[in-house]
Structures are given as C-alpha cells and as structure tokens.
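Chains as they are written, first to last, in my numbering: chain Z, 11 to 424; chain E, 19 to 327; chain C, 654 to 929.
Hints should not be assumed to be uniformly reliable.
[Said to hold, decoys possible] Covered stretches of chain Z (in silico footprint by chain C; criterion: 3 or more residues with CB under 8 Å from a CB of chain C, positions within the stretch not fixed):
(1) 58–70
(2) 89–96
(3) 277–284
(4) 401–407
In case anyone wonders, no lab produced these hints; they're calculated from the structure.
Ideal placement from N, C-alpha and C gives every residue a C-beta, glycine not left out.
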Amino acid sequence: MKKHLTLSLFLALTFVVALLVPGVSRAQDKEVTLDMWHFAANKEPVYQQWIERYKEVAPNVTIVTNVIPKDAYNQTLAAALISGEAPALIHGLPLGEPLELWNNGQIIDLAPYIDEEWRNALYPSSLDYLTIDGHVMSMSFATNNVQVFYNKDRFEELGIEAPLETMADVRAAVETLKGAGYGGALYWAQAYDHAPTLFFHWGQQMYPDLFEAADRGDGAWNIPEFVDLMADINSYSGIWMEGVASLSLDESVNLFATGKASIYFIGNWAVNSIVKAEPAFEIDTFPIPALNEQTWPAAMGSMAGTWMVSSQVPQEEQEAAVAFLRWVALNGQGDLVRTIGLCPSGPAGEEALVDAHPLAQSLCDNQADAIPRDIFDRAARDAMASAIQGMLNGQASPEDVMNEAQRAKERSRR
Amino acid sequence: MSHVSAGARPAEKASTGSREGRLRHWLTAYGFLLPALLLFVFFEFFSLLYNVYMGFHDWSGFGDPRYVGLDNYKYLANDELFWEALQHNVIFMIVALGVMAVLSLFIALLLDSGMPGAGIFRGLMFLPVIVPTVVVGLAWTRVYSTQGGLLNQSLGALGLDSWQNNWLGNPDLALPAVLVVWVWRHLGYGVVMFSAGLLSIPDDLKEAAALDGASQRQTVIHIIVPLMRPVIFIVALWFTIYAFKVFTLVFIMTGGGPYGATEVLNTYLYENVFRYFDLGLGSAIANIGILILIVFAAIRGLFKPGVEY
Amino acid sequence: MRWKELPLWFKVAAYVLMLILAFMTLAPFMYFISLSLSKYSDTYNIFLLPKGFEWRNYTAAWETVNIGLHYRNSLYVTALALVLNLSAGSMAAYALARFHFPAREPIYNLFLAGLILSSETMLIPLFLNAKEFGMLNRWWTLPIIYATLGLPFTIFVLRAFFETLPGELLDAAAIDGCNPLQTYWHIMLPLSRSSLLTVGLFQFVWFWDEFILAISLITNNKLRTLTAGLGKLYGEYFIDYPVLAAALVMTVIPVLIIYVLTQRQMIRGMTMGALK
Numbered sequence: 011m012k013k014h015l016t017l018s019l020f021l022a023l024t025f026v027v028a029l030l031v032p033g034v035s036r037a038q039d040k041e042v043t044l045d046m047w048h049f050a051a052n053k054e055p056v057y058q059q060w061i062e063r064y065k066e067v068a069p070n071v072t073i074v075t076n077v078i079p080k081d082a083y084n085q086t087l088a089a090a091l092i093s094g095e096a097p098a099l100i101h102g103l104p105l106g107e108p109l110e111l112w113n114n115g116q117i118i119d120l121a122p123y124i125d126e127e128w129r130n131a132l133y134p135s136s137l138d139y140l141t142i143d144g145h146v147m148s149m150s151f152a153t154n155n156v157q158v159f160y161n162k163d164r165f166e167e168l169g170i171e172a173p174l175e176t177m178a179d180v181r182a183a184v185e186t187l188k189g190a191g192y193g194g195a196l197y198w199a200q201a202y203d204h205a206p207t208l209f210f211h212w213g214q215q216m217y218p219d220l221f222e223a224a225d226r227g228d229g230a231w232n233i234p235e236f237v238d239l240m241a242d243i244n245s246y247s248g249i250w251m252e253g254v255a256s257l258s259l260d261e262s263v264n265l266f267a268t269g270k271a272s273i274y275f276i277g278n279w280a281v282n283s284i285v286k287a288e289p290a291f292e293i294d295t296f297p298i299p300a301l302n303e304q305t306w307p308a309a310m311g312s313m314a315g316t317w318m319v320s321s322q323v324p325q326e327e328q329e330a331a332v333a334f335l336r337w338v339a340l341n342g343q344g345d346l347v348r349t350i351g352l353c354p355s356g357p358a359g360e361e362a363l364v365d366a367h368p369l370a371q372s373l374c375d376n377q378a379d380a381i382p383r384d385i386f387d388r389a390a391r392d393a394m395a396s397a398i399q400g401m402l403n404g405q406a407s408p409e410d411v412m413n414e415a416q417r418a419k420e421r422s423r424r
Numbered sequence: 019m020s021h022v023s024a025g026a027r028p029a030e031k032a033s034t035g036s037r038e039g040r041l042r043h044w045l046t047a048y049g050f051l052l053p054a055l056l057l058f059v060f061f062e063f064f065s066l067l068y069n070v071y072m073g074f075h076d077w078s079g080f081g082d083p084r085y086v087g088l089d090n091y092k093y094l095a096n097d098e099l100f101w102e103a104l105q106h107n108v109i110f111m112i113v114a115l116g117v118m119a120v121l122s123l124f125i126a127l128l129l130d131s132g133m134p135g136a137g138i139f140r141g142l143m144f145l146p147v148i149v150p151t152v153v154v155g156l157a158w159t160r161v162y163s164t165q166g167g168l169l170n171q172s173l174g175a176l177g178l179d180s181w182q183n184n185w186l187g188n189p190d191l192a193l194p195a196v197l198v199v200w201v202w203r204h205l206g207y208g209v210v211m212f213s214a215g216l217l218s219i220p221d222d223l224k225e226a227a228a229l230d231g232a233s234q235r236q237t238v239i240h241i242i243v244p245l246m247r248p249v250i251f252i253v254a255l256w257f258t259i260y261a262f263k264v265f266t267l268v269f270i271m272t273g274g275g276p277y278g279a280t281e282v283l284n285t286y287l288y289e290n291v292f293r294y295f296d297l298g299l300g301s302a303i304a305n306i307g308i309l310i311l312i313v314f315a316a317i318r319g320l321f322k323p324g325v326e327y
Numbered sequence: 654m655r656w657k658e659l660p661l662w663f664k665v666a667a668y669v670l671m672l673i674l675a676f677m678t679l680a681p682f683m684y685f686i687s688l689s690l691s692k693y694s695d696t697y698n699i700f701l702l703p704k705g706f707e708w709r710n711y712t713a714a715w716e717t718v719n720i721g722l723h724y725r726n727s728l729y730v731t732a733l734a735l736v737l738n739l740s741a742g743s744m745a746a747y748a749l750a751r752f753h754f755p756a757r758e759p760i761y762n763l764f765l766a767g768l769i770l771s772s773e774t775m776l777i778p779l780f781l782n783a784k785e786f787g788m789l790n791r792w793w794t795l796p797i798i799y800a801t802l803g804l805p806f807t808i809f810v811l812r813a814f815f816e817t818l819p820g821e822l823l824d825a826a827a828i829d830g831c832n833p834l835q836t837y838w839h840i841m842l843p844l845s846r847s848s849l850l851t852v853g854l855f856q857f858v859w860f861w862d863e864f865i866l867a868i869s870l871i872t873n874n875k876l877r878t879l880t881a882g883l884g885k886l887y888g889e890y891f892i893d894y895p896v897l898a899a900a901l902v903m904t905v906i907p908v909l910i911i912y913v914l915t916q917r918q919m920i921r922g923m924t925m926g927a928l929k
C-alpha cells in the first residue's frame, strides 16, 4: 500500500513539475496582447501590414486593432479611459491631445526608451515636435504639410505665374480666375482642427513668443497683435469660394478636381481623395504665401496622427507597446508614404518617396522649412474655429474670434 | 394555479376588502413590476443618480471630482450659448406640436377616409422612421449640398435658380433645414399612433353622426378629435420629449453650427463632456433637460383625460 | 371623414401633399441606391439615377466589413432586446395601469424620467455601470442595456393603452376565476397586439440603429453589431462614399423586409382591435 502511495505521489510530483517547466520558460517570453485604437479606417491596411511583419520579429505579441469613426472616437476613448479600460496603444491628433492626456496621467513618457537608433530614424524637427518639456509624449511616423495646390493647366491658360509668393498675388490671381468664370480659392474651413490653420501659420511666423505664451497658458489670445492679424486675414476673405465655411473635404476636393476652383490650401491628407476624383489636369504645389512683410512663403507642417502608450495597462504591455512603436519608426514609415501619400517623419521613411505619388513628392520636397502647427489649447482652437466660420459668414468680427478663443481658454482652466 | 373563490374582489379594486386581500393585491403588482424595475434600477437609475450627483461637481473624468455646489448651474444661467441652445429646443417643440402633430393627425385622417392609394402612402409614411439615422443624415446632407445637391438641382430644374442656397451653411437657413428633416423623419410616428387611435373609434359612431346630418368638419371637430384625446396627449407628450432629446440628426448634419445656429441642449452637452472634458457641466445640462420633462409630465398629469363615450 | 364627400380642391391638395411627402421619402433612397452603384468620381454627378453598375462596391463593402458576421450579431442583439423589453415592459405597464398600490405614481414618474436620457448623454455612467457588473464585451450586454433603455417608452405607451381597456372586461375575467397572471397572458396581451406591434417596431428600429453604445461597450470585433462594424468604412479623411452607400443599403434591407411584413400584421391587428 505504502509503495503505491509513494509511487503515485512521485508521479503526481513529476506531473506537476512537467507542467511548471514550460510555464517557467514561457514566462520569459510571455504572451502579450495589445489593443490598438484608432480612427483612420483608410490606414488600417497599413497597420495590418505592420502587425503582420512585426509578428515575425516578436511572435509572442498579438496586436488587435479597433477602428472607431472619428466622430465617435473621443467619446469611446474617454469612456474607456475613465473606467480604466484603456487600450495599450492610443491614436490621437498631435494637436494638443497628448498634452491633455499627459496632464491627466494617462500616458507614459517615451523619452527613457528612445535610444540612438530610434533617434536617428526621425528628423530632429520631428522629435522636437513630439517633445514637450523634455518628455516625449507620443510617437509619430509621418508628417502632413499644408501648402497650396493649384491647377497647373489653368494657371498656364490664364497666364498666372506660379508660385504665388504673397497673398496679394493670390488675390490678383483669383481676380483673373473669376474674370474667366471660375470660382475662388478653397481652404478647409469646415473642420475644427483646420479652420484656424492660416492664423496659426502666420501667427507663429510673426509672434512666436506671444503665440507660445497664449497657447501654453501664460498669455492671452485676445491681444491687439492677434486681433490685427485676424483682421488682416479677414481682409482677404473675398478670395475664398462662396460657402467655404461649410464645404466638407470631399466637396472641396470635388470642386478642385472638376476645375471649378483652381487654388486649394490643403495638405497631404487630401492627396488620395484628389487622385481618386480623377482630375483631368496637372496639379502642382507651392508653399503658403506670405501675408505681409513680417511673414514669408513656407509650408506648414504637423505630424500626421500620433501614437501614445497608456499608463493604465500592465508594465509588460507598456514595454511591448513601446517596442512596437520603435520597430515602426525604424521600419514602417515607408508604408505611410507609399500608400497614404504622407511625408516621412525621418530618414527611415525617405526611400519610399520614389514610389510615392508625384503630388506627395512635391509636398515633401517643400517641407524642409515647414512651420510647426503644434497647438495645445484645444478648447481655444475649437472656439476659434467656430468663430472663424462665423467670420467667413459675416456674423463675427476678428475681435469676436479672438475673444471666443480667450473665453474658451479661461473656461478650460477653471 | 391559485383560484379566486366566488365573491372575492376583482383584481383592480383593492381599496376595500381584507387586509390580506390588499396585501396580495400589492404583492401581485410589485411582482409584475419586478423585472422592469430591476433592469431599470441596475442600469438607468444609476445614470440618473450619477447625473444629479455630477451636476454639483467639477470633474474632468480623471482624478477626483471636486464639489462646487451650484457653480455649474450659475455658469449656465449666464451662458449665452446655453440659452441659445435651449431656445432652439423650444423651437423644435413648437414645430413638433404645431407642425408635426397637426400634420400627422391630418394625414392619419386622410388615410383613414378611404382615399385611393392610402395603403401605399401609409407604407411610405413610416419609411423615414426605419431608416438608420446615419443614412438619413448622410442622404440629407447630400440633398442640401451646394455641390450637385438634390434640392438645388431640383430648384434649378424647376427654373427657380434664385432660390438656390447654401442650406446647411447659411446661419439663417440651417435650423429650418434641419427642422424639415426632423419633421420628415418623425411624421411617421405620429401617423401610426393617430391611425391606431382612429381605428379604435367605432365606425357606427361616425355613421350616427352622418345620419344626424353633421358635416365633415363637424364630425371631425366635435366627435373624432375629442375621442382621440388620449392618443393626442400621448403624441403631444412624446413629441415634446423628442424635441428636447434631439441629438444625432443635428450632430451628423451640422454639428451645432454654423457658429451655434443649430446648437441644441444635447450637442452642447456633447461638446462640454467630450471636447472640454467638463463632465460636471454636461450633467448639469442633462439635469435641466430632465427637470423640463418632469414639468411637462406634471402638466399632463393635471389634464389627464378619461375616455368618454 | 369620408373621401367621397370631400370637395375637389381638397382632394387635389391632399394628393399634392402626399406626393410631395412621397417624393421626399423616396428621392434620398433612390439617390443612395444610385450612389452605391457609382464610381467614386461620380459622387457629385449623380442625381437620382445611377450612371453605371459598379457591383464591386457591394463586394468591397461585404469584404471590408465582414457583414455576414455583424448581421448575425445585430439580429441576436435586437431580437433578445426586443423580447426582454416587451415582456418586462408590458408586465410593468399592466401593474401600473390596473393595480393600485403605494408608490404607484412615483414609480411611473421614475420611468418617465428615463425617457429624456438619450444614450449619448448616458455613455459614461452606463460604461462605468457595465464595467462594474463585468458586462463589457459580453454577448448579453447590449440586449440587456437596450431593453432597459427602451423600457420607459414601452411602459409609457402600453400603460396608456391598458388604461383604456374597460374595467368590466377584467372584472369578468376575475369572476371567472382568472388570476392576474392568466388575465395578463390571455386577455391583456392579445388585446394589445397592435400596440405591442407598434411599440415593438419602434424599438426594433432603435435597437437595430443604435450606434454609440454598440461601439463603446463592445470592442471585440466578433461580437460587434452592424452599426459598429460599419465604422471600418469611415476613413480619417477619406470616405469611399459609394462603398459606404452599398454597405448601408445592405444594412437597411432586412429592416425593410421586416417592415413590409409587420405592416400587414399591424393593419390587421389594428382593425381587429377596433372590433373588440
């Protein structure tokens, strides 16, 4: 009896040890699942490519994407964050979102993880853009450049010389175009993150310090310099197409692609839409013209979406997420350039430019001196955008616009 | 199977009778209420409480809520945009009662009158209701579009070029434009409810009135409408609630713009909660909406109609 | 009101009104179907009729979104939610309409207060709630929550209907020896068939169409409903409208079928109700 007992005990022990051993070795290479949330369904194929290729590099990491339409993204993400169900990888727009999440302790600082190789894969200006007070809050793999797209054939036909270097030149060009029966210029004033673009662009050229102060919290938006700048911009309101404040991206692309409008202030993200609309003429780009003597022609750049790592998920998920971001920075930029028509955010993405659409290539050529568009005060930006739409409709004055921005800023700091 | 002995009270009357009978009566009632109450308490009740609680706090969703008493409500009292939004909701209500309810009653009467083709029209009336809001929003945004939009094109085809406009982008036209879509969409609800109500009026009553020499108009005004009072009250209350609840349609079509021209309570709430992360203010706005509803329900309670024959 | 006796001008006006409404209803539909059959570059060129027959939009939509899976999920969720909502709601309405008990009116008003809350405004508390009960990403999450959110309306309408039923009918039933449960099952429910059908149709539409909760509470793609699954077609800046239109057309078809079927039932039910 006792012999059987000892034997069975021995067998049981062996069995248990046998179970544990693989467990021990598995712990070193633990299975990790990362949730990756974003709102860009058109970039999903690119992300899936990354995930597939990354699987070969790190087979123990499973990444699951979750696509949420942009309109619902804020809500869903907020609900998840508030209740502690955050995904490991959070996509956002670099316009203030990382700073907001950082201030609420929701994302981690990537700076400690960025080694020499990673740093070299990005342009210094890109890394600079992503760094606030020494913390790297997010990681971005492509850039968007806002420039002026123009109908090359039409310009030649009417004898307009490109590039147009000042807004006065643009006004003259629009006069010629209107005289020939075509419409005014376009810019995507309907979108909240895009309506104040020109103000941001020229404002940072003219008053970089005042701008930074107002944006980061010390200064005010409704100072006379900004009001005058807005009034200056408003003086050119006549060049825009009728109803520009309410045209959706597709509608304005359609106007441009069918030749009704020949000048379009827009960026990389519209390249695919324009191409798909099958324009029957040649298109080229030039940098945003100067508004006055204190400004100069330049492209306006910003990062095309950015990725953050949540601080709510367990340590091993955070590290796996960071490792993935590092891999993409080194190996994945090219896909965004080739497939989506964006510009690279570092040397690691440059080799893909040869395969990019000529429009994208033209945009990326002009990006070297792009003015950054980092805006942290989302509330002020949104209020400004709504008021700018009102200004274009004749309902609000430039002063109203800056007052709204200031009001929103004060409210959000209650 | 319990068995009510002969001579026991019928289920409804519990005011008299034995205490045991009354208790049983109450317990039965609670029994029937239980599933709904449980579901409601576990899910919606918490949300109601949360709203009331959060209305007195300042919270960004992260960290701890900060008690601020009536600050949120004081802010709203002075907030131009809030009053504008409320005004727009009231406009929705006026349109709902004045246009939607009246029109749907009229259509229900038409369809009931023996109009040829009524069956097809009846079918079409409810179609807008079953189409998902996303489809409605997208389709009508295209209809109102300045780029080859159906409305402008139709006007052009009819030779009314000067009437063409930027419907959703013009601050004066945006709200009426959205109202048209809203009415179009919910007309079907009213028609269905009124049609059901009409069918429950016995035909012999209408016959009797006709035999008595009543004209069409007299029949309608003096007989049909009073008999439909319960249904009319339901529809009126329901449409009023809808007027304060409107969100998705406005959100998809204009997002509250241009420059606040179509802002309503719920879009304003959405902005505050999900763009400015001011959950306290959002809850305060929601609470005001709930209060308004309670007032309306109380008014209904005062005028509770009975059914007289 | 009898049609034959109406003056001519009235008849003409009536037809004009109905035809305008009919056009307003059908035109967007036709536009959408045409859009689903067009090329992207024709998005702004079509009026009411398609310019081609790009069936690839439908295949593209089907593949990108895995519509079959999401259809099934939507059907399960909606059907279950409907059953829960109508049964719990009609029972509660019965109690509220025909019984007298303490706290009757306050309870009714409580349900009524739920009417004003829409799912968007309730997102955060509902999310916190669901998380508390471990209900995120379960197959029974949405049915229960939808059923609950629809309760106020169901109770509102059915209670009003039950109140209109003559008391003598129920007295007779009681004297005949029916207990409340039997009364409910054999008398109240059948009589309220048309109301049940109407409320059921309203709720069905709302459950089928609901978006924000479907996309927030269920992030597991295998469990996602149709409305949430369609999110995959909304690019950040670029939406392939014809493909989206194709997907939406496919979404609407079952609803249309159910609508056509219930239409006949509803009318039959309503006329039967009149003959009580």
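Here is how each hint holds up against the structure:
1. Restraint check on the stretch 58–70 of chain Z versus chain C: 0 residues with Cβ-Cβ distances below 8 Å, three needed, restraint violated.
2. Coverage of the stretch 89–96 of chain Z by chain C holds [criterion: at least 3 residues with CB-CB distance below 8 Å; count 6].
3. Under a criterion of three residues with beta carbons nearer than 8 Å to beta carbons of chain C, the stated coverage of the stretch 277–284 of chain Z is upheld, 4 such residues being counted.
4. Counting residues of the stretch 401–407 of chain Z whose CB falls under 8 Å from any CB of chain C gives 0; the rule of at least 3 is not met.
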